[in-house]
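**Student:** Listed here are the chains, written in short residue letters.
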Amino acid sequence: MAVETLLPSAAPVRFVAEDGSRADHHGGYGEPAGARLKDAYRLMVLGRRFDVQATALTKQGRLAVYPSSAGQEACQVAAALALGERDWLFPTYRDSVALVARGLKPGEVLTLLRGDAHCGYNPVETRVAPQCTPLATQTLHAAGLAHAMQRRGEDAVAVALIGDGATSEGDFHEALNFAAVFKAPVVFFVQNNRFAISVPFEKQSAAAALAYKGIGYGMRSEQVDGNDAVAVLAVLDDAVKHARDGKGPVLVEAHTYRIDAHTNADDATRYRDAEEVAKWREADPLKRLETHLKNENLLQDSEIERFAADAEVFAQSVRDTLNAEPELDPLSLFDHVYAEPTRQLQRQRAALEAELEA
Amino acid sequence: MAVETLLPSAAPVRFVAEDGSRADHHGGYGEPAGARLKDAYRLMVLGRRFDVQATALTKQGRLAVYPSSAGQEACQVAAALALGERDWLFPTYRDSVALVARGLKPGEVLTLLRGDAHCGYNPVETRVAPQCTPLATQTLHAAGLAHAMQRRGEDAVAVALIGDGATSEGDFHEALNFAAVFKAPVVFFVQNNRFAISVPFEKQSAAAALAYKGIGYGMRSEQVDGNDAVAVLAVLDDAVKHARDGKGPVLVEAHTYRIDAHTNADDATRYRDAEEVAKWREADPLKRLETHLKNENLLQDSEIERFAADAEVFAQSVRDTLNAEPELDPLSLFDHVYAEPTRQLQRQRAALEAELEA
Amino acid sequence: MTTTMAQALNAALRDALKDDDRVLVFGEDVGTLGGVFRVTDGITADFGEDRCFDTPLAESGIVGFAVGMAMGGFRPVVEMQFDAFAYPAFEQITSHVAKLRNRTRGALELPMVIRIPYAGGIGGVEHHCDSSEAYYTHTPGLRVVTPGTAQDAYDLLRDAIESPDPVVFLEPKCRYWSSEEVSFTRSGAAMDRAVVRRHGKDVTLIAYGPMVATALETAEAAKDEGWDVEVVDLRSLSPFDDETVTASVRRTGRAVVVHEAAGFGGYGAEVVARVTEQCFHQLHAPVLRVTGLDVPYPAPKLERHMLPDVDRILDTIARLQWADTPVVAGA
Amino acid sequence: MTTTMAQALNAALRDALKDDDRVLVFGEDVGTLGGVFRVTDGITADFGEDRCFDTPLAESGIVGFAVGMAMGGFRPVVEMQFDAFAYPAFEQITSHVAKLRNRTRGALELPMVIRIPYAGGIGGVEHHCDSSEAYYTHTPGLRVVTPGTAQDAYDLLRDAIESPDPVVFLEPKCRYWSSEEVSFTRSGAAMDRAVVRRHGKDVTLIAYGPMVATALETAEAAKDEGWDVEVVDLRSLSPFDDETVTASVRRTGRAVVVHEAAGFGGYGAEVVARVTEQCFHQLHAPVLRVTGLDVPYPAPKLERHMLPDVDRILDTIARLQWADTPVVAGA
Ligand SMILES: Cc1ncc(C[n+]2csc(CCOP(=O)(O)OP(=O)(O)O)c2C)c(N)n1
Ligand SMILES: Cc1ncc(C[n+]2csc(CCOP(=O)(O)OP(=O)(O)O)c2C)c(N)n1
Ligand SMILES: [Mg+2]
Ligand SMILES: [Mg+2]
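Protein chains in written order, with full-length UniProt numbering: chain A, 1 to 358; chain B, 1 to 358; chain C, 1 to 331; chain D, 1 to 331.
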């Protein structure tokens with residue numbers, strides 16, 4: 001029986017060590033091309049800047065809430081880069097940097113968290129599902145959508161993002177099982193950032209790693225150092241190819257860390273030590289990739305400067321977007337509840353209209 | 001890392017081959033004592049007779065519905081035998097033979113399926129939870145109850161029975177995870193009878209075996225030949241001991257087969273071949289154990305006759321019980337909705353009383 | 001053509017599969033077996049596993065997977081095997097099925113149908129007989145319909161499958177096997193319209209699904225008491241057809257709502273509340289309800305005491321303060 | 001002592017933990033963090049991880065595990081982090097929590113409390129603001145209560161924990177931080193009793209949870225219009241206190257029910273239906289409802305248009321057909 005081939009590598013796949021030197025736990029994966037790595041770097045710089053900016057604007061009351069991606073940039077950027085244009089991404093509330101890397105505009109990304117509307121972009125045009133808050137529910141949508149594409153003969157893939165905590169939900173289990181049974185072209189990408197709000201991974205699961213779940217569904221699985229962008233990209237590229245080639249879904253777990261509190265509304269000092277956070281700050285994925293690319297002569301100082309400058313321009317556009325107060329039409333509440341408003345909604349709309357005119 | 005020790009044996013544990021000769025895929029488990037095996041045999045004879053009788057009475061309209069245990073007697077009897085008096089059993093609708101083996105009276109076992117009441121026995125006195133129809137939901141109750149006993153320092157264990165189909169439900173996943181995280185003394189015992197009503201295992205899961213799920217929760221797991229009573233008892237004894245010793249929960253999958261249709265209301269010829277069923281009839285767990293015990297000189301013909309005779313007496317008591325029509329009090333509908341009937345229920349009770357008197 | 005409600009539903013599925021290749025039927029046991037109630041009988045054989053297939057046993061999975069399939073351009077028709085077994089899918093239904101169009105401001109629509117055999121009267125054991133309509137009707141974004149006749153079973157299911165909105169389609173189990181003349185060309189009222197099944201001038205009985213037949217029986221029996229009963233079959237529980245119902249109650253001045261579900265917080269409360277608001281000055285008596293008791297659904301041998309029947313409905317009609325009314329000429 | 005509703009709930013949990021060592025508090029983030037709303041703040045520190053602890057992130061798991069714990073003799077108090085995140089537990093709540101006593105004919109009782117922060121008004125993003133009471137109140141076997149004041153938060157939570165029946169305990173999020181004088185000795189009405197929060201003779205406003213404060217504000221504002229408004233705070237949604245409500249409406253002859261949840265099939269419909277049935281001949285006008293709109297809960301910046309407010313309630317009171325009434329002496 002070849003079941004053991006479904007098991008992940010015994011230790012997380014790693015191409016680059018914390019200090020930026022080469023590590024050689026490649027797990028048989030090929031190294032992504034230098035140009036892609038540079039692109040990943042560029043987007044991580046952009047994403048980091050975006051994240052810092054959004055956090056700052058939250059303090060000024062410009063966003064209702066912001067769950068930071070700090071520390072998870074390698075995962076989120078790799079998830080976006082692993083996708084082709086026709087592929088779908090299923091993000092959570094935490095994955096704003098993935099959306100930025102996918103090319104969405106700041107205003108589109110932040111509409112939900114700003115409180116203007118439930119989703120700021122067109123999922124059909126962007127092939128990005130609405131950021132999902134009911135945990136794990138989107139993994140089923142991803143499996144279903146992947147299966148739909150497979151049925152139509154499109155060779156597109158869906159990547160579902162999910163956190164460590166959300167893997168405890170029943171929907172995650174059902175999604176893995178449906179995907180495996182239907183051999184749907186979907187990659188489940190768990191960002192194990194070691195916390196579900198305040199609950200540490202040790203209280204979430206007794207498994208050595210979440211990637212060990214795959215074998216129970218007959219699904220290939222892998223674990224990877226989530227702060228090593230090279231490794232994450234290598235593993236995700238391979239997983240996406242596996243799915244695209246009709247070989248079935250893949251479960252990938254990235255070991256990473258949530259550097260900031262759960263959201264701006266959270267106080268992480270209540271439940272974890274500053275030292276732990278400090279230790280993980282050292283493992284910064286952006287620094288690591290930068291050192292690696294410089295070591296490999298793939299990145300020039302001038303490029304570093306240019307990317308940083310571009311990120312500043314981008315940050316300015318984030319500020320501009322959030323400082324403008326968009327007009328919201330209260331009567332839009334009645335749009336899109338049904339294809340056509342029911343008679344009851346028409347009456348309620350008329351009443352609100354009268355109220356607004358009074 | 002010792003994660004691989006959590007994996008089940010590569011092939012199902014087996015002590016006795018289909019023809020009753022010794023098999024030696026013991027997986028390191030010790031052989032149960034002869035007296036226990038004889039007891040298992042006795043209860044399987046009783047259970048088989050009970051099952052046949054219940055099926056017959058269903059045809060006469062004495063039961064609303066009956067899901068037969070035929071073919072699964074080794075599993076159900078072993079599950080009951082593996083438990084001590086203070087241990088709890090969490091059965092499904094299919095597990096009537098387990099209840100019989102646990103010592104419940106026919107009337108108690110069949111109350112639900114006869115349509116008299118939702119549960120015919122006192123769960124607290126019998127330490128048997130009500131037979132559960134919402135699939136997989138009882139696995140969480142078993143985990144919670146096991147944890148409750150652990151907290152109180154009782155060294156009791158809970159065994160949760162579940163079918164192959166029900167393992168696809170989210171609650172099963174959540175139960176395994178809670179049990180593993182809390183190290184609750186519970187054994188999840190999957191009777192993989194290869195069908196969920198009409199859906200074959202191949203459409204239920206892409207896993208080589210359901211036992212491979214354990215490792216994803218950090219839980220010990222095992223697979224066993226479910227038609228080999230010796231093996232099932234050996235594995236369950238060990239699993240119960242593991243749980244009782246505070247070493248955490250265990251997942252056990254027994255490979256077996258549902259010989260009859262899903263229930264009397266089902267027509268299995270619509271979805272499976274007669275040959276397949278015939279093949280599995282050959283693998284009869286009762287015959288197999290009988291041959292084994294005779295080979296080993298653990299069972300005399302006189303005993304076989306005596307057990308058969310006892311089973312006949314038992315069958316008669318099943319008939320007597322089901323031929324008597326118990327008085328049911330319509331006003332009991334209002335009992336036990338709340339500890340005390342609410343004023344609203346008192347009014348509805350009075351109205352029904354008036355109606356019945358009219 | 002004489003056919004049962006189960007067969008009418010089967011015909012509706014077949015015609016929908018024929019007309020639109022985006023339609024897919026899936027769920028537990030709906031494939032080879034044809035469903036535990038045989039509603040999908042023979043469909044896999046005739047249309048192929050590609051169009052009608054079994055899934056793993058997980059209701060949240062089925063609904064969530066269907067959401068993804070609908071996002072990908074299909075029109076899934078999924079079956080929940082029994083009412084109470086749709087509860088595991090409750091989060092997917094309320095948080096996604098009902099809201100996806102709204103969440104995406106119309107960019108994604110969700111044309112899917114969730115078929116749920118519901119209610120009792122068939123001697124089913126616990127958890128197999130829930131009347132769960134109130135949970136769905138209170139959820140904006142869902143349409144909820146339930147046929148009371150085989151013809152409506154056909155018509156409404158065709159409409160539901162064609163609807164651009166998600167529809168919870170409640171099938172009254174106890175009517176599956178009732179035979180009736182049915183035409184498989186749609187001719188009925190729009191999906192969101194109630195119909196007057198019987199005209200009468202004294203009192204309006206408002207019913208739906210399994211209780212339509214009971215209401216019609218009651219109307220017959222009521223003749224003996226001298227009451228001329230009008231029967232309205234709601235068909236669409238959400239949205240509610242105020243026009244048809246209100247017109248009837250304004251005419252009769254009295255109304256009784258009947259359903260199997262427990263009364264407290266049941267769907268009937270909504271009917272009472274809105275009818276009362278709209279017909280207050282035409283009402284001779286409060287609108288009353290005949291419903292299931294406020295207890296968990298009983299074991300089969302006691303279920304008849306739970307369910308509204310002709311006698312209970314007649315008794316309730318009798319309580320409509322007839323004495324207070326000026327005697328109508330001829331009555 | 002002046003305290004917020006969140007603090008009053010915290011005190012109730014502490015006192016219950018002190019009084020009965022079978023009481024356990026668990027759920028997502030309720031341990032070290034003290035809950036996202038700090039309702040369990042400091043409890044783990046003071047009572048130990050043994051009494052108040054975090055669980056894996058799975059609501060069905062939490063509730064199902066609690067059912068098992070209760071079967072094993074504990075009295076679990078579990079938290080669902082937000083209203084819509086209780087939906088994954090819907091099957092466990094409806095099919096087990098509500099029914100276990102009934103299924104076992106009283107052999108097993110299920111003294112557990114499911115705390116659910118609910119409703120809106122706090123600028124929460126989607127799925128964080130549902131008013132889900134109607135789903136629970138329609139389910140026989142559950143008790144459903146919701147405090148409108150900090151004092152009731154303390155009293156009702158103590159009662160709920162001591163109740164031999166399972167209680168769905170709905171905490172109005174928007175009131176968590178309102179300060180009030182509270183005494184931590186229980187002195188209030190029984191858990192299943194409504195209370196008249198303000199006496200008035202012209203119209204009865206029936207409210208609960210987050211809307212009690214709004215109703216009281218409305219009553220003040222109504223003075224300018226010449227209406228003397230009585231405010232009833234239901235406290236217990238199931239069972240319903242007919243006696244208190246009916247007595248009030250019979251006195252005033254007019255009533256308005258207020259809640260945040262969508263109106264259609266909402267809890268208010270039940271209130272209208274039963275009040276109308278019991279007070280029909282005392283009513284000068286139909287009982288009206290002021291509720292949330294029948295749309296998915298809006299994004300934060302639009303939520304104020306969704307929610308009942310003083311103006312909408314006053315407008316509704318104005319529609320109670322005052323002109324049709326004989327002028328009351330002195331009015
Ligand atoms: C079904 C559900 N339950 C609870 C919540 C509340 N909640 C929001 S985020 C969160 C923690 C999620 O942790 P994880 O999955 O690890 O993702 P992370 O936030 O770390 O990215 C919780 C409990 C929710 N959104 N959905
Ligand atoms: C939540 C839920 N969904 C659906 C059903 C209907 N149902 C009853 S038995 C069954 C098949 C169960 O198969 P399995 O778990 O393999 O157990 P077996 O009947 O084979 O013992 C189904 C779908 C149910 N009882 N509960
Ligand atoms: Mg996390
Ligand atoms: Mg099975």
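Watch out, some of these pointers could steer you wrong.
Dumping the calculated EDC-like pairs for lysine to aspartate or glutamate here, alpha-carbon to alpha-carbon at most 16 Å [stated by the list, open to error]: (1) C:K301 <-> B:E325; (2) A:K59 <-> A:E202; (3) D:K201 <-> D:E225; (4) D:K18 <-> D:D50; (5) A:K294 <-> A:D39; (6) A:K203 <-> D:E225; (7) B:K287 <-> B:E303; (8) A:K241 <-> A:E85; (9) B:K183 <-> B:D245; (10) C:K301 <-> B:E327; (11) B:K183 <-> D:D50; (12) A:K38 <-> A:D267; (13) D:K301 <-> A:D267; (14) A:K59 <-> A:E296; (15) D:K301 <-> A:E296; (16) A:K203 <-> D:E49; (17) B:K247 <-> B:D237; (18) B:K38 <-> B:E202; (19) B:K183 <-> A:E202; (20) B:K203 <-> C:E162; (21) A:K183 <-> B:D329; (22) C:K201 <-> C:E180; (23) C:K301 <-> B:D329; (24) A:K38 <-> A:E325; (25) C:K301 <-> B:E296; (26) D:K301 <-> A:D260; (27) D:K301 <-> A:E275; (28) B:K287 <-> B:D19; (29) B:K203 <-> C:D50; (30) C:K18 <-> C:D224; (31) A:K183 <-> C:D50.
Simulated restraints, written as ranges between beta carbons of each label pair [to be verified]: (32) B:L328 <-> C:K18: 23 to 31 Å; (33) A:Q60 <-> D:R304: 53 to 61 Å; (34) B:A324 <-> C:P164: 55 to 63 Å.
If you're looking for bench data, these hints aren't it; they were derived computationally from the structure. Just so you know, even glycine gets a beta-carbon here, dropped at the ideal spot from N, CA and C.
**Student:** Against each hint, give a clear statement of whether it holds in the structure.
**Tutor:** Hint-by-hint comparison with the structure:
Simply put, K301 (chain C) and E325 (chain B) have alpha-carbon atoms about 11 Å apart, close enough for the 16 Å limit, and the pair holds. With a C-alpha separation of about 31 Å, the suggested pairing of K59 (chain A) with E202 (chain A) is violated against the 16 Å cut-off. The suggested pairing of K201 (chain D) with E225 (chain D) holds, with an alpha-carbon distance near 14 Å, which does not exceed 16 Å. In summary, the hint linking K18 (chain D) to D50 (chain D) is supported, as the alpha carbons are separated by about 13 Å, within the 16 Å threshold.
In summary, the hint linking K294 (chain A) to D39 (chain A) is supported, as the alpha carbons are separated by about 14 Å, within the 16 Å threshold. Between K203 (chain A) and E225 (chain D), the direct Cα distance comes to roughly 58 Å. Violation of the 16 Å bound is thereby established for this hinted pair. Pair hint K287 (chain B) plus E303 (chain B) holds up; C-alpha atoms about 15 Å apart against a cutoff of 16 Å. Our distance criterion of 16 Å between C-alpha atoms is met by K241 (chain A) and E85 (chain A), whose separation comes to about 14 Å.
A threshold of 16 Å between alpha carbons decides the hint, and for K183 (chain B) with D245 (chain B) the separation of about 11 Å falls inside it, so the pair holds. Of the supplied pair hints, the one linking K301 (chain C) and E327 (chain B) holds, its CA atoms being roughly 10 Å apart against a limit of 16 Å. Simply put, K183 (chain B) and D50 (chain D) have alpha-carbon atoms about 14 Å apart, close enough for the 16 Å limit, and the pair holds. With a C-alpha separation of about 35 Å, the suggested pair K38 (chain A) and D267 (chain A) falls outside the 16 Å cut-off, and the hint is violated.
Among the hinted pairs, K301 (chain D) with D267 (chain A) is inconsistent with the structure: their alpha-carbon atoms are about 25 Å apart, more than 16 Å. Proximity of K59 (chain A) to E296 (chain A) is assessed by CA-CA distance (about 39 Å); at most 16 Å being required, the pair is judged violated. With a CA separation close to 49 Å, the supplied pair K301 (chain D) and E296 (chain A) exceeds the 16 Å bound. This hinted pair checks out: K203 (chain A) and E49 (chain D) have alpha carbons roughly 12 Å apart, not beyond 16 Å.
Proposed proximity of K247 (chain B) and D237 (chain B) is supported: the alpha carbons are some 14 Å apart, at most 16 Å. As the CA atoms of K38 (chain B) and E202 (chain B) are separated by approximately 35 Å, the hinted pair breaks the 16 Å bound. Pair hint K183 (chain B) plus E202 (chain A) holds up; C-alpha atoms about 12 Å apart against a cutoff of 16 Å. A hinted pair counts as satisfied when its Cα atoms are at most 16 Å apart, and K203 (chain B) with E162 (chain C) does not qualify at roughly 29 Å.
Of the pairs offered as hints, the one joining K183 (chain A) and D329 (chain B) is violated, with about 53 Å between alpha carbons and a cut-off of 16 Å exceeded. Of the supplied pair hints, the one linking K201 (chain C) and E180 (chain C) is violated, its CA atoms being roughly 27 Å apart against a limit of 16 Å. A hinted pair counts as satisfied when its Cα atoms are at most 16 Å apart, and K301 (chain C) with D329 (chain B) qualifies at roughly 10 Å. With a C-alpha separation of about 36 Å, the suggested pairing of K38 (chain A) with E325 (chain A) is violated against the 16 Å cut-off.
Under the criterion of a C-alpha separation no larger than 16 Å, the hint pairing K301 (chain C) with E296 (chain B) is inconsistent with the structure, at around 49 Å. Simply put, K301 (chain D) and D260 (chain A) have alpha-carbon atoms about 26 Å apart, too far for the 16 Å limit, and the pair is violated. Proposed proximity of K301 (chain D) and E275 (chain A) is contradicted: the alpha carbons are some 39 Å apart, above 16 Å. Between K287 (chain B) and D19 (chain B) the alpha-carbon distance is near 9 Å, which keeps this suggested pair within the 16 Å criterion.
Proximity of K203 (chain B) to D50 (chain C) is assessed by CA-CA distance (about 14 Å); at most 16 Å being required, the pair is judged to hold. In summary, the hint linking K18 (chain C) to D224 (chain C) is not supported, as the alpha carbons are separated by about 48 Å, beyond the 16 Å threshold. At roughly 14 Å between alpha-carbon atoms, K183 (chain A) and D50 (chain C) fall within 16 Å of each other, so this suggested pair holds. Roughly 49 Å separates the CB atoms of L328 (chain B) and K18 (chain C), a value that falls outside the hinted 23 to 31 Å.
A beta carbon spacing of about 22 Å between Q60 (chain A) and R304 (chain D) contradicts the range 53 to 61 Å that was offered as a hint. About 57 Å separates the C-beta atoms of A324 (chain B) and P164 (chain C), a value consistent with the hinted range of 55 to 63 Å.
Checked against the numbered hints above, the structure breaks hints 2, 6, 12, 13, 14, 15, 18, 20, 21, 22, 24, 25, 26, 27, 30, 32, 33 and satisfies the rest.
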